[in-house]
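Asker: Starting from the known structure of chain E, fit chain S onto it as the hints suggest.
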Amino acid sequence: MSRPSLRLLRSSTFRLAFLAALLFAVTGLGMLGLVRWMTTSLLDQRVDLVVSAELELLQQMQAQSGLEALAAEVNARANSLQGRYRAYLLEDGNGAVLAGNLASWPKGRSEGDIHLRFRAADTSADPGSPVRATVVALPGGARLLVGRLQSDRRAFEEVVNRVMLGGAGLSLVLGFGVGLILARRALGRMDRINRTAQTILDGQLQGRVPLSGDGDEFDHLSVNLNSMLDRIERLVEAMRGVTRNIAHDLRTPLNRLRNRLELALIEERDGEAGRMVLADAIGDVDGILGTFNALLGIARIEGRLPRENFRDIDLDNLISGLGELYAPLAEDQGLAFSAHAQQGLQIMGDHHLLSQALANLLDNAIKYTPPGGHVSLSAQLRGGAVLLSVSDDGPGIPADQRERVVEPFVRLDEARHLPGAGLGLSLVAAVAEAHGGRLLLEDAGPGLRAVLELTLPNHGQVINSL
Amino acid sequence: MKVLVVEDDAPTASFLQRGLSEAGYGADIASDGIVGLEMASRGRYAALIVDRMLPRMDGLLLVETLRRMDCRAPVLFLSALGDVDDRIKGLQSGADDYVCKPFAIAEVLARIEVLLRRGETSSTTMSVLTVGPLEMTPLSRTVRRGGVAIALQPREYCLLDYLMRHAGQVVTRAMLLQAVWDYHFDPQTNVIDVHISRLRQKIDEGDGPSLIQTVRGAGYMLRADS
Chain E
4 MSRPSLRLLR SSTFRLAFLA ALLFAVTGLG MLGLVRWMTT SLLDQRVDLV VSAELELLQQ
64 MQAQSGLEAL AAEVNARANS LQGRYRAYLL EDGNGAVLAG NLASWPKGRS EGDIHLRFRA
124 ADTSADPGSP VRATVVALPG GARLLVGRLQ SDRRAFEEVV NRVMLGGAGL SLVLGFGVGL
184 ILARRALGRM DRINRTAQTI LDGQLQGRVP LSGDGDEFDH LSVNLNSMLD RIERLVEAMR
244 GVTRNIAHDL RTPLNRLRNR LELALIEERD GEAGRMVLAD AIGDVDGILG TFNALLGIAR
304 IEGRLPRENF RDIDLDNLIS GLGELYAPLA EDQGLAFSAH AQQGLQIMGD HHLLSQALAN
364 LLDNAIKYTP PGGHVSLSAQ LRGGAVLLSV SDDGPGIPAD QRERVVEPFV RLDEARHLPG
424 AGLGLSLVAA VAEAHGGRLL LEDAGPGLRA VLELTLPNHG QVINSL
Chain S
81 MKVLVVEDDA PTASFLQRGL SEAGYGADIA SDGIVGLEMA SRGRYAALIV DRMLPRMDGL
141 LLVETLRRMD CRAPVLFLSA LGDVDDRIKG LQSGADDYVC KPFAIAEVLA RIEVLLRRGE
201 TSSTTMSVLT VGPLEMTPLS RTVRRGGVAI ALQPREYCLL DYLMRHAGQV VTRAMLLQAV
261 WDYHFDPQTN VIDVHISRLR QKIDEGDGPS LIQTVRGAGY MLRADS
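Chains E and S, in that order, give the protein sequences.
Its first residue numbered 4, the first sequence is counted upward by one per residue in the numbering used here.
Its first residue numbered 81, the second sequence is counted upward by one per residue in the numbering used here.
Pulled out of the complex, with its shape left as it was, chain E reads as follows (with noise of 0.2 Å):
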């Protein structure tokens, strides 16, 4: 990992944080600016407005009394008090200075046509202080400045200078810290969720992301994140156990398989008798690839994609067709069939899918459902859900079961002599969840009854025309 200091600097937050700082000292410093471009202007003007009626009176009395008193005018003006705040000067045609009180034509800048803009004299009130001046031609190529220094006008500039390059650098200082105060606060938070993605690196899969519970983004993230854990967790615990399982359960028909195999080599039976040995060794072997394939069906059911050969099912044919298919057997059994679907139920589903599913739950149904008893395959729709159920009045499943049953491998100790690796409701219930639902196995009182639960807002519609 990198220095914390530079971590922080990288981060996002900060960045963002600086970057907002940034903008936010160009914006103030853009204001400022017109702020100060404004009222300098405004203070030129009034200055301008000054000095022009001071020249009209002046430019009159050359006109009236001629050049020599004009000149001594401007010299009674600039040796007066005020004079050390003004600025004087004036030139004959041949750029001879004949009053003021300005050694020679300052050299300045000049601001339009007859505007200059100059340091103040040594001599002046205010040294250094700006002047803004404005000079008119007289007849006969004489020419005439007045001025005022403008020490107001170098205050303000100052002031408004000083608080731009402060304010400036305070909202950048301020930005970097309130960046680096976020970015060590999220960093924080990046680093919680970090440590449970390494705590499940290494291999502890009960890992989750602690809440700062402010119901923040990142408190979103680590909920969602925290429920893929979940389900992450899940599913590496139901593959541990299947696994277990297939290494425990298979031992079995296998073992038995290597038995007969090995009672038919001593005996050196012969004829049918051995032709009879071979063929209950081909029927354990087809157990045992049964419970492959069985295995291998529910894989690829959990790992298709989402609505994977989904298509409009008219449930009431899904029902009659399976109930076709399974009424003979159950009659044969001594039990009482009865298949109903409500009229006119349609969803999107996987019609290969949903038919081995209830094709198990009858299977089941009618093995474990003694003569005389009841079964029977419904659709309904109830509550925005579409159930579709098998229903017996056999022994049941004790309560305590029902969860435990639909895991693979697990059989009751009722059911172990009977035919059957515990697979089929496994099935069942990754069909269920191929489709947003879920297997419910309830108590028909007497009875079982296992229902698919199909809801239908995220699944798909409902046609019902009654």
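FYI, nobody ran anything at the bench for these hints, they're computed from the structure.
Treat the hints with care, since some could be wrong.
[Claimed, not checked] Partner residues aside, some chain S positions facing chain E, computed with beta carbon under 10 Å:
no., residue
1, Gly104
2, Pro234
3, Trp261
4, Phe265
[As the list claims (entries may be wrong)] Distance windows between CB atoms, simulated:
no., chain 1, residue 1, chain 2, residue 2, range
5, E, Gly387, S, Glu285, 50 to 60 Å
6, E, Pro373, S, Arg296, 23 to 33 Å
7, S, Arg197, E, Glu236, 52 to 62 Å
[Stated by the list, open to error] Covered stretches of chain E, going by a simulated chain S footprint (3 or more residues, C-beta under 8 Å):
no., region
8, 221-235
9, 327-341
10, 364-377
Computed from a predicted structure; not experimentally measured.
Each residue gets a CB set at the ideal place from its N, CA and C atoms; glycine is no exception.
Answerer: Only chain S this time, still in chain E's reference frame:
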């Protein structure tokens, strides 16, 4: 009649070869897709048994190529992929039937037999089907035994229709479940047997042996002579 077995697993291939010769067919083996294609296009085989997953050339592609080369011999796919979708894909490529691995040799033989005899019996337009005393008129969906009409449920009729069209051939339970009910799963119980015994009750007469014989370890066969 010769059958070409395209299968890369040598024990499975020779097992099929032996099974086929026991049933009276000659059999050649091709151990990969390319060899299979060459042999199939050169030799005159009555039928092909093709593994889905083959080295050098996939089984699906092999069958598609053969069909494009106008080879009409019936093809039976063997595959470890047992999904309904895989089945459909296999049939779409031009194969005629599909058996999942692991398979029973009886299943393969029964299906090959059906494919080989298809030319003789498959004319759905046949006006009257006759097997021994049984007479079926597809147009009116009626069945008579020795001139006496037998009332059959629609599904019983379909079952008998399939058996009569494949008279003298072994048909397995899986074949019946697929052809008559369009289900592609293995039921744990003997549902098919019950339907067969009901059908027997309707079409057989007296205590003599049934027209529908049980073939041990394989399935059923409808025969005229017994």
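Asker: Look at each hint and say if it fits the structure.
Answerer: Going through the hints against the structure:
Interface hint status for Gly104/S: violated, as the beta-carbon distance to the closest one in chain E is roughly 21 Å, over 10 Å. The closest approach between the C-beta of Pro234/S and any C-beta of chain E is roughly 9 Å, which is under the 10 Å cut-off, so the hint is satisfied. Interface restraint check for Trp261/S: the shortest CB-CB distance to chain E comes to about 6 Å, inside 10 Å, so the restraint holds. At a threshold of 10 Å, the smallest CB-CB gap from Phe265/S to chain E is about 4 Å, leaving the interface hint in force.
For the pair Gly387/E and Glu285/S, the supplied restraint of 50 to 60 Å holds, since their beta-carbon distance comes to about 55 Å. Taking 23 to 33 Å as the suggested C-beta distance range, the pair Pro373/E and Arg296/S conforms, at roughly 30 Å. For the hinted restraint 52 to 62 Å between Arg197/S and Glu236/E, the CB-CB distance of approximately 56 Å keeps it satisfied. Residues of the region 221-235 of chain E lying with their CB closer than 8 Å to a CB of chain S number 0, which falls below the three-residue condition for coverage.
Note: the region 327-341 of chain E has 6 residues with beta-carbon separation from chain S under 8 Å; the three-residue rule is met and the coverage holds. Figure legend: the region 364-377 of chain E, annotated as covered by chain S; annotation consistent (3 residues with Cβ-Cβ distances under 8 Å, at least 3 required).
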